[in-house]
Amino acid sequence: MTLELQGVSRVVGGRDHIRPTSLTLQNGTMNVLLGPTLSGKTSLMRLMAGLDKPSAGRILWEGRDVTGVRVQDRGVAMVYQQFINYPGLTVYENIASPLRILRRDAAQIDRAVRETAEMLRLTPMLTRKPLELSGGQQQRCALARALVKGAGLVLLDEPLANLDYKLREELRVEIPKIFEASGAIFVYATTEPEEALLLGGHTATLWEGRVTQFGPTAEVYRNPADATTARVFSDPPMNFLPAIKTGHRISFGDGANAPAEGALAGLPDGKYLAGFRANHMALNRHSGNAVEFACQLGVTEITGSETFIHVRHGNDRWVGLVGGVHDLKPGQDLRVWLDPAHVYLFDAEGRLAAPAAYAKAA
Amino acid sequence: MRNRSSALVMTLYLLFLMVPIYWLVNMSLKTNAEITGTFSLFPRELTFRNYMVILTDPSWYMGYVNSIIYVVLNTVISIAVALPAAYAFSRYSFMGDKHLFFWLLTNRMSPPAVFALPFFQLYSSIGLFDTHIAVALAHCLFNVPLAVWILEGFMRGVPKEIDETAYIDGYSFPRFFIRIFMPLVASGIGVAAFFCFMFSWVELLLSRTLTSVNAKPIAATMTRTVSASGMDWGVLAAAGVLTIIPGALVIWFVRNYIAKGFALGRV
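Those protein sequence lines, which keep their order, are chains A and B.
With UniProt numbering as the guide, the letters of the first sequence map in order to residues 1 to 362.
With UniProt numbering as the guide, the letters of the second sequence map in order to residues 1 to 267.
Excised from the complex, chain A in its bound form (with noise of 0.2 angstroms):
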């Protein structure tokens, strides 16, 4: 079973929603759309189920051209980012409905629906309208109707943006075993790049209803193929700082160089656009490459074992995440440190030029 979208794009009142876009994603994969919001990852999912036409392109399930057939027929599943269920029935109702419209019978859809609860741990609350349940349980609710007519492509929209901190954790812990338990197509769309590396598998980033990359996560995430990619996939979004190169070294922002080393070295010289993750900010010369930069202070934001350092480089703003609690004065001066084994080059394009080389050795 594979689901490929060929040249699939989306129009709506002379907007693209969905810029020309094709994609494949294989039998039993958990693939997920990572973007910011309104960069199109509804619309795509919408496409995808069928609830939407594309302007143009085709859409292909296990080869058979699906584009035009009604939802009713595709026998996909959904579960959305608010909790849809039917809130005049019970839960049991709720899980038994996709069954009840295929005709089976009452022992198979009995069986059906207890496994089903059981796997959500909804036993106890069979009985119950979901409006009587909490946050957490009417979202497993509408992701137990999802997964019992054992569809073979199951789009989760951002089932968890809407519960609270707790609930999330548990349910995303909760979501791959559920993913593999099922053996169908899982979509998953997310604005967060932290909960695309939690569940692994395929991560296609969105932005501005184009997908600038689709492969597995890990490859995407360490080799960003454009600096789109790379701020989507980063959180907070990867700093930039512009970079040139000339014979054997290459200079970052206001002069401060480093040695092109590894592949930087095979680059020619030019201007680049240099990037980095937050993570990679130190406030110390932790490396012997480290290069030095003097930035000023904007504010910091403490977590609790970490501290968020937003800061001014010249014209460029950057956000650094370093550990521990820092006490520092909004406005101050402050040097920042950057290992060169950290940076991306992207050239004038945005196309990656040169990965980072800790990326490489990982």
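Since the hints were derived computationally from the structure, they do not count as laboratory data.
Wrong hints could be hidden among the right ones.
With a straight-line cut-off of 25 angstroms between C-alpha atoms, the simulated SDA-like cross-links for lysine to any residue are [said to hold, decoys possible]:
| # | chain 1 | residue 1 | chain 2 | residue 2 |
| --- | --- | --- | --- | --- |
| 1 | B | K260 | A | L131 |
| 2 | A | K129 | B | R175 |
| 3 | A | K53 | B | G96 |
| 4 | B | K160 | A | Q72 |
Over 10 angstroms on every C-beta distance to chain B, these chain A residues come out as not near it, computed from the model [claimed, not checked]:
| # | residue |
| --- | --- |
| 5 | M1 |
| 6 | L38 |
| 7 | D65 |
| 8 | D164 |
Ranges between beta-carbon positions, derived for each pair [unchecked claim]:
| # | chain 1 | residue 1 | chain 2 | residue 2 | range |
| --- | --- | --- | --- | --- | --- |
| 9 | A | A348 | B | G96 | 44 to 52 angstroms |
| 10 | B | P84 | A | R111 | 35 to 43 angstroms |
| 11 | B | S5 | A | P87 | 42 to 50 angstroms |
| 12 | B | V81 | A | R19 | 41 to 49 angstroms |
| 13 | A | R100 | B | N26 | 52 to 60 angstroms |
| 14 | A | V173 | B | G96 | 49 to 57 angstroms |
| 15 | B | W103 | A | K129 | 35 to 43 angstroms |
| 16 | A | A161 | B | M182 | 27 to 35 angstroms |
| 17 | A | E170 | B | W103 | 46 to 54 angstroms |
| 18 | B | R175 | A | E169 | 33 to 41 angstroms |
C-beta atoms are modelled at their ideal positions from N, C-alpha and C, and glycine is treated no differently.
Got chain A; can you put chain B on it based on the hints?
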């Protein structure tokens, strides 16, 4: 102290509200001689003759039967037509949908008297004069827009994702609409039905114009009680009491949602 004075004000207010109704009930239990002869706060000679007249004389009780027939017909037609219309207005956007929606409401802005003449001529010429369906259809002109507005408000409160989830689960549209959607807007349907019922029940001008004998409504019967022996006050009062009862019964069922209905479902 403050509690007591507000309770007093409240009690007085309710008493004043109840006075006309009490007086109607009071009159209906008196003889004509007592009504016209003396001033009494309660019947001196308690009598049920007035009610007996209404319940035994076909020219009286058929008025109720006729009214109920066309009111129920009208309510059923209005809701049946308004349900799909309201669903369309709440779920789809199409060319001119907002104008059409507003235009619906403007139907209620003209007085029924405007339509009395054209309706009379039209229904007479196609042989519908003095039938129940004639009155029911005439009242649709006012009730369908109202029902559409009320139901649209209630339907808008149901997230569109529920529709889509049902389609994804495999529900066909009719099955979804009846099994999932209608129960969700049941209170809206109740309120819309109540408003249709009430309008049709109290409307006098059109129903009197379009009927003569066979479908004559109770309100029309009540206005024609002057007989050779003068006005039959007692019977008229009893008829009034019996006319209040259906409305009171219906309002009981939708009492929790009625405020939302008055706001056309937009609360």
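Here's how the hints hold up against the structure:
For the proposed pair B:K260 and A:L131, the alpha carbon gap of about 21 angstroms is at most 25 angstroms, so the pair holds. This hinted pair checks out: A:K129 and B:R175 have alpha carbons roughly 21 angstroms apart, not beyond 25 angstroms. Taken as a hint, the A:K53 and B:G96 pair is honoured in the structure, with Cα atoms around 23 angstroms apart against an allowance of 25 angstroms. Restraint check for B:K160 and A:Q72: satisfied, since their Cα atoms lie roughly 16 angstroms apart, inside the 25 angstroms limit.
A cut-off of 10 angstroms between C-beta atoms confirms that A:M1 is not in contact with chain B; the least separation is 18 angstroms. Listed as a non-interface residue, A:L38 keeps its Cβ farther than 10 angstroms from every Cβ of chain B; the least gap is roughly 18 angstroms. Interface exclusion of A:D65 from chain B stands, the closest Cβ pair being 20 angstroms apart, more than 10 angstroms. The beta carbon of A:D164 is kept farther than 10 angstroms from every beta carbon of chain B, the shortest such distance being approximately 21 angstroms.
For the pair A:A348 and B:G96, the beta carbons lie near 50 angstroms from each other, so the given range of 44 to 52 angstroms is met. A hinted range of 35 to 43 angstroms holds for the C-beta pair B:P84 and A:R111, which are about 38 angstroms apart. Taking the beta carbon of each, B:S5 and A:P87 are about 44 angstroms apart, inside 42 to 50 angstroms as hinted. Between B:V81 and A:R19 the Cβ separation comes to about 43 angstroms, which falls inside the hinted range of 41 to 49 angstroms.
Between A:R100 and B:N26 the CB atoms are about 58 angstroms apart, so this pair conforms to the stated range of 52 to 60 angstroms. Between A:V173 and B:G96 the CB atoms are about 51 angstroms apart, so this pair conforms to the stated range of 49 to 57 angstroms. At roughly 39 angstroms, the beta carbons of B:W103 and A:K129 sit within the given window of 35 to 43 angstroms. Checked against the given bound of 27 to 35 angstroms, the beta carbons of A:A161 and B:M182, roughly 30 angstroms apart, stay inside it.
A beta carbon spacing of about 52 angstroms between A:E170 and B:W103 agrees with the range 46 to 54 angstroms that was offered as a hint. Range check, B:R175 to A:E169: Cβ separation about 38 angstroms, and the 33 to 41 angstroms hint holds.
The structure meets every hint from the earlier list without exception.
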